[in-house]
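**Q** The lines below spell out each chain.
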Amino acid sequence: MTELDIKYIEIGAMILFGIGFSTLLFHGNMIKKIIGMNIMDTSIFLFFITRGYINNKEAPIIINIANSPDSYVRPLPSALMLTGIVVAISMTAFALALTIKLNQKYGTIDLNKIMEMRVDKQ
Amino acid sequence: MIIASSPIIIIFILFFTAFIIPMIKNKTKVKVLSISSIVLCMLLSLLTCIYVYTEGTFIYTVGHWDAPWGIEFQISMIEALLSLTFTTVMTLIIWQSLSTIESEISETKIGLYYSLISVVMASLLGIVYSNDIFNCFVFMEVNTLASCGIIVIKENKENIRATMKYLVLGCLGSGLVLLGIAFLYSITGNLNMTYIHNEIVNIYFDYKNIIVVALGLFTVGLGVKSAMFPLHIWLPDAHSSAPSTSSAILSSLVIKATAIYLIKILFRVFGFGIIKNFYILDIILILGSSGMIFGSLLAIFQKNIKRLIAYSSIAQMGYIFLGIGLGNELGLITAVYHIIAHALTKSALFMIAGIFIHKLGTKSIKDFKGIGKHMPILLGAFTIGALSMVGIPILPGFVSKFNLALACIQAGKYMFLAVILISSLLNAVYYLPIVINGFFNKQDNKSDLNHTNKIQLKEIIPILILIIMMGFIGLSSNSIINLIKLGI
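Each protein sequence line maps, in turn, to chains A and B. Heads up, the first sequence is in this note's numbering, so the first residue is 1 and it goes up one at a time. Heads up, the second sequence is in this note's numbering, so the first residue is 1 and it goes up one at a time.
Mixed in with the good hints there might be a few duds.
What the hints assert, rightly or not - Only part of the chain A face toward chain B is listed, based on derived beta-carbon distances under 10 Å:
no. : residue
1   : G20
2   : M30
3   : I31
4   : I34
5   : K57
6   : R74
7   : A88
8   : L102
9   : Q104
What the hints assert, rightly or not - If you want the footprint, here are the derived chain B segments under chain A, 3+ residues with CB under 8 Å:
no. : segment
10  : 159 to 165
11  : 256 to 270
Just so you know, the hints here were simulated from the structure itself, not pulled from any lab data. Heads up, the beta-carbon is just placed ideally off N, CA and C, and yes, glycines get one too.
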C-alpha cells in the first residue's frame, strides 16, 4: 500500500502511457492517432518530472538569497521536458499538416481505409 | 586547438547552411552553397580523423561546461571514421543530385530540399558525436522530421501515405526511447553516457527490473527507427516512393545513425560486463538474423527495383544487428565496418536505380532487359555493388560476412553461420537476375531506349567514385578494422 501511496503519480503516468500508446497504434483515424501521440508524450513528461521531484522541497528559483542546494527540487527534468515539449509540438504540427494533404489526395483520413485502397489498386 | 572543436563547427556549418538556403531564390547559388558546405564538412572530418589518429580519443565540451552539467562530444576513432564516411557519401550523393534533381521534384522546392538535406546531415553527425543520451534523442527527432520532409517533397499520393506511416511509427519509437531515458535517469541521475556507466556499474544489482525495462524500451524504440526486422514495415514504402537522392540518403545514412545510438547505449552506457547478464543481446541476435533471411525472402518477390533495394536494406541492417547481438569485440567491430561498407554500396545502388528509372521511365524490373547495351558502365557498377551484397571476395560485403562468421565461431554460436550463408545465397537470387537480364537478354522492340538521350558524364562520376572507394575499403579492410579497434 505504501508503494502505491508514494508512487501514484508514476502509476497514473504509466496508465496514460498505455492509453496513448494503444490509441496511436490501433486507431485508424489520423486525428485520434495524433491525440494518442500527445497523450503518450505528455505521460512521459509527467513521469520524468515526477522523478525529479523531492517531497517538501522548493522550486529551484532564487529570490534575493540562495538557500543550500539541498532545499530545492531537481531542476534538470523540467528543463529537459521543455525540450521534449518542443519536439512533441513539432511532430504534432507536421502530422496535422500531413493529415490535411492526406485528406486532399485520398478523401479520407482513415489510415486503414487508405491501406485497403492500395491493395485494391494492385 | 581549432581542430579539436571541428565537430561543433561541422554541425554549426550545416545548420547555418540549412538556415540560409531557403532565403536564396537563385537555384544555382543554392546548389553551390549546398555542395561547398558539405565539402567543407568532409575536409574538417578528415582533419578530425587525422587528429584522432595522432592524439587519441578526445572530448569536446560544448560551451566549455564540464561533463555532468554540460553536453559532451566524445570523438574516438569510430566516430571520426563514421563522420568521414557519412560526409563523403553525402558529398557524392549531393554531387550526383545536382544534375538529376530537377527531374524528380518541382523547381520551387529545390531550395527547401537542399535545406532539409543539410538538417538531416547535421543531425546525423550530432547523433554520431554526442556523448549525452538526451542530446542524441533530440538530434534523432530532428533527423526523423527532416527525413520525413525529404520523402514528402515529391507530393504524390504514395509519398504522403508512406511519410504518414513513417511519422506514426517514428513517433512511437521516439516515445519509447524517451521513456527509456526517463527510467535510466531515475536510477542514475545523469544523462552523460560515461557518468551513467559509472553509476550503473555500482547499482545494477538493486535495479535489475528497471534496467530490463529500459533495455527493452531502447531496443524496440531504436529498432523501429533503424528497421529491425519485425518493425521494418515503414521502410519499403518510404524508401521506394522518395526521390532517388532521398532514397540513397535514407537507406545509406539515416537508418545507420539510430543503429549507432543503439550501439552507444548498449556498449557505452551499460557496457559488456552488465549487458551479458541480460538476454537482450540474444533477442537482438535472433531479430537480426531473422531480418537477414526474411528481408531477402521478401525482396525476391518485388517487381519494383527500388522496393527490391529497400528490402535488401532490411537484410543488411540484419547483419549489423547480428554483429551487435553476438556480444563480442569482433562482432561489434564488424557491425561498425558493415555500417561503413553498406553506406557506400547502398547509396551507389540507389543512385544507379534512379538513373535507370529516369532513362527508361519505368520502375518495373522486367523492363530492364538489355539495358547493358545502352548503359554498360552503369550496369557494370550495379553489378559490382550487387556482388558486394552477395559477398564476393575483395569487396566489402565479403569482408563483413567473413568477420561475422569468425565472430560467430568465437562466440560459439555455430547456428548463425548457416544463417549468414543462406542470406548470401538469397542475396544472389534477387540481385543476379537483374544483372543477367540486363547484359544478356535482348530488349523488347517496343521499348524506346534508342531515343533516350545519352547519359551525361557528370551523373556517372560520383557513382564511379563510390564504387572505387568500395573496392578500396574492401582491399584495405585490415587496416580499417584495426582503426576501428582503436576506438573500442
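**Q** Given a cut of 10 Å on the nearest C-beta pair, is the interface hint for Q104 (chain A) held or broken against chain B?
**A** Cβ of Q104 (chain A) sits 9 Å from chain B, so the hint holds.
**Q** Taking the closest Cβ pair, is G20 (chain A) under 10 Å from chain B?
**A** holds, 8 Å
**Q** Using Cβ atoms only, decide whether A88 (chain A) comes closer than 10 Å to chain B, and label the hint accordingly.
**A** holds, 9 Å
**Q** Are there at least three residues in the segment 159 to 165 of chain B whose beta carbon sits under 8 Å from a beta carbon of chain A?
**A** holds (count 5)
**Q** For the segment 256 to 270 of chain B, does the count of residues with a C-beta closer than 8 Å to a C-beta of chain A reach 3?
**A** violated (count 0)
**Q** Can the hint on L102 (chain A) be confirmed by a CB-to-CB distance to chain B that is less than 10 Å?
**A** holds, 6 Å
**Q** Can K57 (chain A) be said to touch chain B, with a Cβ gap under 10 Å?
**A** violated, 15 Å
**Q** Holds or violated: is there a CB of chain B closer than 10 Å to the CB of I34 (chain A)?
**A** holds, 9 Å
**Q** Per the CB criterion, is M30 (chain A) less than 10 Å away from chain B?
**A** For M30 (chain A), the interface hint holds, since the closest Cβ of chain B sits about 7 Å away, which is under 10 Å.
**Q** Mind checking the CB of R74 (chain A) against every CB in chain B and telling me if the closest is under 10 Å?
**A** At about 8 Å, which falls below the 10 Å cut-off, the nearest Cβ of chain B leaves the hint on R74 (chain A) intact, so it holds.
**Q** Against chain B, run the beta carbon of I31 (chain A) and see if the smallest gap drops under 10 Å.
**A** The hint is violated - I31 (chain A) has no Cβ within 10 Å of chain B, the shortest such distance being about 12 Å.
This entry does not satisfy hints 3, 5, 11, going by the numbered hints stated previously.
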